[in-house]
Amino acid sequence: MIEIKSLAKSFGKLPVLKEITMQLEAGKIYAFLGPNGSGKTTLIKSILGLTLPDAGEIIIDNENIKNNWRYKSRIGYMPQIARFPENLTMLELFRMTKDIRKTTANEEDYIAYFNLEESRDKALKNLSGGTKQKVNAILALMFNPGILIFDEPSVGLDPVSHLRLKDLMRQERDKGKTILLTTHILSEVEELADEVIFLLEGKIYFKGTVKKLVESQQEPNLERAIARLLLRTEKKTKSNTRKQHEYLI
Amino acid sequence: MNTLFKIIKYSFYDTLRSWWALFYGLFFLIITTTLLYFSGDFNKALVSLLNLVLLLVPLISTVFGVMYSYNSREFTELLLAQPLKRSHLFLGQYLGLTLSLVLSLSLGLGAAFLLHAGSVAESVQLGMLILCGSLLTAIFTGIAFLVSILFEDRIKGFGIAILVWLFSAVIYDGLFLAFLVLFNDYPLEKATIGIALFNPIDLSRIMILLRLETAALLGYTGAVFNKFFGTVPGMLFSFSALLLWVFIPLLVFLKKVQRKDF
Numbered sequence: 001m002i003e004i005k006s007l008a009k010s011f012g013k014l015p016v017l018k019e020i021t022m023q024l025e026a027g028k029i030y031a032f033l034g035p036n037g038s039g040k041t042t043l044i045k046s047i048l049g050l051t052l053p054d055a056g057e058i059i060i061d062n063e064n065i066k067n068n069w070r071y072k073s074r075i076g077y078m079p080q081i082a083r084f085p086e087n088l089t090m091l092e093l094f095r096m097t098k099d100i101r102k103t104t105a106n107e108e109d110y111i112a113y114f115n116l117e118e119s120r121d122k123a124l125k126n127l128s129g130g131t132k133q134k135v136n137a138i139l140a141l142m143f144n145p146g147i148l149i150f151d152e153p154s155v156g157l158d159p160v161s162h163l164r165l166k167d168l169m170r171q172e173r174d175k176g177k178t179i180l181l182t183t184h185i186l187s188e189v190e191e192l193a194d195e196v197i198f199l200l201e202g203k204i205y206f207k208g209t210v211k212k213l214v215e216s217q218q219e220p221n222l223e224r225a226i227a228r229l230l231l232r233t234e235k236k237t238k239s240n241t242r243k244q245h246e247y248l249i
Numbered sequence: 001m002n003t004l005f006k007i008i009k010y011s012f013y014d015t016l017r018s019w020w021a022l023f024y025g026l027f028f029l030i031i032t033t034t035l036l037y038f039s040g041d042f043n044k045a046l047v048s049l050l051n052l053v054l055l056l057v058p059l060i061s062t063v064f065g066v067m068y069s070y071n072s073r074e075f076t077e078l079l080l081a082q083p084l085k086r087s088h089l090f091l092g093q094y095l096g097l098t099l100s101l102v103l104s105l106s107l108g109l110g111a112a113f114l115l116h117a118g119s120v121a122e123s124v125q126l127g128m129l130i131l132c133g134s135l136l137t138a139i140f141t142g143i144a145f146l147v148s149i150l151f152e153d154r155i156k157g158f159g160i161a162i163l164v165w166l167f168s169a170v171i172y173d174g175l176f177l178a179f180l181v182l183f184n185d186y187p188l189e190k191a192t193i194g195i196a197l198f199n200p201i202d203l204s205r206i207m208i209l210l211r212l213e214t215a216a217l218l219g220y221t222g223a224v225f226n227k228f229f230g231t232v233p234g235m236l237f238s239f240s241a242l243l244l245w246v247f248i249p250l251l252v253f254l255k256k257v258q259r260k261d262f
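As you go down the protein sequences, you meet chains A and B in turn.
Residue numbering for the first sequence follows our numbering, starting at 1 and increasing by one per position.
Residue numbering for the second sequence follows our numbering, starting at 1 and increasing by one per position.
FYI, nobody ran anything at the bench for these hints, they're computed from the structure.
Do not take every clue at face value.
Short derived list, chain B residues pointing at chain A, Cβ under 8 angstroms [to be verified]:
{"id": "1", "residue": "Asp14"}
{"id": "2", "residue": "Arg17"}
{"id": "3", "residue": "Gln82"}
{"id": "4", "residue": "Leu84"}
{"id": "5", "residue": "Leu107"}
{"id": "6", "residue": "Asp261"}
Just so you know, even glycine gets a beta-carbon here, dropped at the ideal spot from N, CA and C.
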């Protein structure tokens, strides 16, 4: 379980996360939505310890993650961009991460699952973007961690692999894992997410099921509900800036 | 095995397998062989080689360091999400790259020397040159890593790292000469030693030329070092100053990296 308490972060003078408080339970898929710059990536990177928050705390399985790196052995992360050391092969990359994690892994199952047998001994620089993305997915999954974080996992994946990855996410959820997902593909959210967290300007604007989100916006489907939410917030920010502008004049 | 060593191992392999590292080694092999073959005189060849090492090793280390650091940014993020200490990760990458560059350089120079079948006394001289080259590699790779972490913009970072190299390799000498001419009437010895400390390339030159005892080539700073410290203490002094040049940028880099957001 992940507990986030009053998390705040700004880059220079720009506040990116403002007082985020939430609990993410095991056995659920959480989809993080929001316009660009709403703080999704920063939130996820804070959980991963890549970004260091200014205030607040993150507690994972009753362990505060501040100045702590051991907790990361319980997280699998699939980043948006797949870039690896160019001259290593796929198997060497897996061996290296196994070396670092010091745990057993079942990468062979996933290599077969994603049909990557032929790419085993190829240098990573020679793999296509989609194949690299699959390698990334395997890296996240192979250690069987309790928390899985996928940052835009569908980018570059072919339809079959995408489908397989979604199946995996469901299976892992049913095993009782906490899954965090950021995506712009709303059908993915509709299909997978148990809960949607809509971030806006560094705050949680909505947290609840897809159904609840659609109902709250009085729209027929998720796509329209999100669009309405975005439009409404856009108007709000515009009128805010106008007000500020008038005030200044 | 400790995670630090694992990171060193893998970044060492990764760099060593790229064509660049091979070219770098081959380049020094060919140049050294040619110089030794055509000059006939080992000391003369060594001095030419020294000038080349002083100019090129810092440049190549700077370029490699900046490229490596920026290019591996995404992979570094992936590794940061693994259970390992930040300091281990970044120190490991630095050491892996430095070691593979040092190895290419040493193999290039060493193989040429073996082909030439030099004497034992000569091998000591060459050893000094390799030591200098290694220290310069460690220094400029460290500076390059530090610059790349201070500047998010790759073009800017690259430009600044190259400027640091240009300053130490070229501009510094000109400024130093101007300083000597301007303050001609004052006793400049202590000031000279002070100023020489600020340039690792000059320090390396002094260290190796003190060893070669080719006084005519020492230049002003070298002559002052020789007079002020004598040969051996002068070498020890410049060696310690070079070690400081290795550690200070590296420590600042490791400190910066601890607090950095990725």
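Results of checking the hints against the structure:
1. Asp14: Holds: closest Cβ of chain A sits about 4 angstroms from Asp14 of chain B, inside 8 angstroms.
2. Arg17: OK, holds: Arg17 of chain B within 8 angstroms of chain A, min 4 angstroms.
3. Gln82: holds (5 angstroms)
4. Leu84: holds (6 angstroms)
5. Leu107: Status violated, d = 18 angstroms.
6. Asp261: Since the shortest Cβ distance to chain A is 4 angstroms, the answer is holds.
Comparing the model with each numbered hint stated earlier shows that hint 5 is the single one that does not hold.
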